[in-house]
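Protein chains: 2
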Amino acid sequence: MRILLLEDDSRIGSFISEGLKQSGYAVDHRTDGESGREFALLTPYDTAIIDLMLPKLDGLSVIRALRGQKQTLPILVLSAKTEVEDRVRGLEAGADDYLTKPFALSELLARVSALIRRSTQPGEQSLLTAADLTVDLLKREVKRGGQKIELQRREFALLEYLLRNRGRVVTKMMILNHVWDYSFDPQTNVVDVLVYRLRQKIDKDFEPKLIQTLRRSGYVLDAG
Amino acid sequence: MRILLLEDDSRIGSFISEGLKQSGYAVDHRTDGESGREFALLTPYDTAIIDLMLPKLDGLSVIRALRGQKQTLPILVLSAKTEVEDRVRGLEAGADDYLTKPFALSELLARVSALIRRSTQPGEQSLLTAADLTVDLLKREVKRGGQKIELQRREFALLEYLLRNRGRVVTKMMILNHVWDYSFDPQTNVVDVLVYRLRQKIDKDFEPKLIQTLRRSGYVLDAG
DNA sequence: CGGCCGCATTAAAATCCCGTCATTTAAGCA
DNA sequence: TGCTTAAATGACGGGATTTTAATGCGGCCG
Numbered sequence: 001m002r003i004l005l006l007e008d009d010s011r012i013g014s015f016i017s018e019g020l021k022q023s024g025y026a027v028d029h030r031t032d033g034e035s036g037r038e039f040a041l042l043t044p045y046d047t048a049i050i051d052l053m054l055p056k057l058d059g060l061s062v063i064r065a066l067r068g069q070k071q072t073l074p075i076l077v078l079s080a081k082t083e084v085e086d087r088v089r090g091l092e093a094g095a096d097d098y099l100t101k102p103f104a105l106s107e108l109l110a111r112v113s114a115l116i117r118r119s120t121q122p123g124e125q126s127l128l129t130a131a132d133l134t135v136d137l138l139k140r141e142v143k144r145g146g147q148k149i150e151l152q153r154r155e156f157a158l159l160e161y162l163l164r165n166r167g168r169v170v171t172k173m174m175i176l177n178h179v180w181d182y183s184f185d186p187q188t189n190v191v192d193v194l195v196y197r198l199r200q201k202i203d204k205d206f207e208p209k210l211i212q213t214l215r216r217s218g219y220v221l222d223a224g
Numbered sequence: 001m002r003i004l005l006l007e008d009d010s011r012i013g014s015f016i017s018e019g020l021k022q023s024g025y026a027v028d029h030r031t032d033g034e035s036g037r038e039f040a041l042l043t044p045y046d047t048a049i050i051d052l053m054l055p056k057l058d059g060l061s062v063i064r065a066l067r068g069q070k071q072t073l074p075i076l077v078l079s080a081k082t083e084v085e086d087r088v089r090g091l092e093a094g095a096d097d098y099l100t101k102p103f104a105l106s107e108l109l110a111r112v113s114a115l116i117r118r119s120t121q122p123g124e125q126s127l128l129t130a131a132d133l134t135v136d137l138l139k140r141e142v143k144r145g146g147q148k149i150e151l152q153r154r155e156f157a158l159l160e161y162l163l164r165n166r167g168r169v170v171t172k173m174m175i176l177n178h179v180w181d182y183s184f185d186p187q188t189n190v191v192d193v194l195v196y197r198l199r200q201k202i203d204k205d206f207e208p209k210l211i212q213t214l215r216r217s218g219y220v221l222d223a224g
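Which chain is which? The protein sequence lines are A and B, in order.
Residues in the first sequence are numbered from 1 upward in steps of one, following my numbering.
Residues in the second sequence are numbered from 1 upward in steps of one, following my numbering.
It should be emphasised that the hints constitute simulated quantities derived from the structure, not laboratory data.
Just so you know, not all the hints are guaranteed correct.
Identical copies go unnamed one by one, so any copy, or any two together, can satisfy a pair.
Said to hold, decoys possible - With a straight-line Cα cutoff of 20 Å, these simulated EDC-like cross-link-like pairs (lysine to aspartate or glutamate) come out: (1) 21 / 107; (2) 139 / 150; (3) 139 / 160; (4) 139 / 181; (5) 201 / 96; (6) 139 / 96; (7) 209 / 38; (8) 101 / 203; (9) 21 / 160; (10) 204 / 107.
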């Protein structure tokens, strides 16, 4: 997890920086707006912490510049200003959170981890793909090689689950958990049968075969 | 509207560039992958058109680099390769569209405008609500008052349709059109029955009643 | 080489979905 | 109020979907 910190006050800056490093983050610390913006644009950070009062280019301007390009980078604003108005201005410019000085380090850390968690969790992906297979979750539409394929509810659920775990091995137990809500083994071969039926529809007439069997382990869906 | 064009063949490049400018786009034309990537990262383009064969850094690599940072920039790939495999590789790397040479300028323009239109329009709402009812289209999950409700396929489709037309009267004919694909009246009371079943699940044990009957007209879903 | 085990495949059985229809209830109107 | 008609309700049943059970097949190990 990589964090960009823009803070000109060296005492506060190293205080925060140290705290973040302690928590296992990689921190880039810049002390002016101009170089801050540059760094932000060149490196894929997971979060940016930005003080509003900065030399050369103020924090709000940095934020606006970033928002023009990186829609998703989570931004936490630091400010000495406590007015509601300032808070609003910060959030309007595109910040995701706002923290007023002075603050406890623990609070900063908590907010940063919240921001990262929020942005990391699969941002509502509605299109899943593998090779020439596409699954549109909103339209509930499955296509392979441009050709539409009708799936039953369980088949669809299985395919979705496999795709969300693309490249990872998925055990039968995991499938039972997610496609049914069983937390136990039903002592039958439901899973095998379902996998078979799904294969008939999405793999049988196509190449490459997407669903691989791993004897004694489970299944993997992967392109290639 | 600002477009980045990466194409090393100067004849084709200026041909495309001229065409785009004629259509009112601002075009930046680069002829190698390295500078292309740099430009793409520094400027907020609305679309990038990328040839796969480029000096210094090939098109696919450029695309992957961009996808690491700019999730949303629409990318159109140009290529001399017609194989399905190449097409797939392009789309897998993160391209949004793929055009094989040779092509008509008009087609390129059409595709570019389609890409821009698609990315500009507000990204598909996936959560529909009314009062304390929520429908998550991605998870296919319906809740009322925090409590999960299981719906059948048709019931779900009907609810989705009613929600998309919140506050508007929806005739039985309209429902037949959208929930089934009937363009004719099946002469039975399917719709009535379906509405009844949906009500049993989402309205019976709750207040306020969301589905209202308008005698001789149809139904409305509204909170209030 | 032979047997066992795990998965694939197929068929049959059970279950669920949902369209139909008959009947009841209620709204609108004279 | 009583009549007409639309909508609500309840029950049934056929077909689709899903589960179960039986059998086939092939790899792997002794």
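Quick rundown of the hints versus the structure:
1. 21 / 107: within (15 Å within a copy, 51 Å between copies)
2. 139 / 150: Both: 12 Å inside a copy, 19 Å across copies.
3. 139 / 160: both (13 Å within a copy, 11 Å between copies)
4. 139 / 181: between (24 Å within a copy, 15 Å between copies)
5. 201 / 96: Neither. Shortest intra-copy (41 Å) and inter-copy (26 Å) distances fail the 20 Å Cα cut-off.
6. 139 / 96: between (25 Å within a copy, 18 Å between copies)
7. 209 / 38: Intra 45 Å, inter 38 Å, cutoff 20 Å: neither.
8. 101 / 203: neither (57 Å within a copy, 31 Å between copies)
9. 21 / 160: For residue 21 and residue 160, neither the intra-copy (37 Å) nor the inter-copy (43 Å) Cα distance is at most 20 Å.
10. 204 / 107: The answer is neither: 54 Å in one copy and 34 Å across copies each exceed 20 Å.
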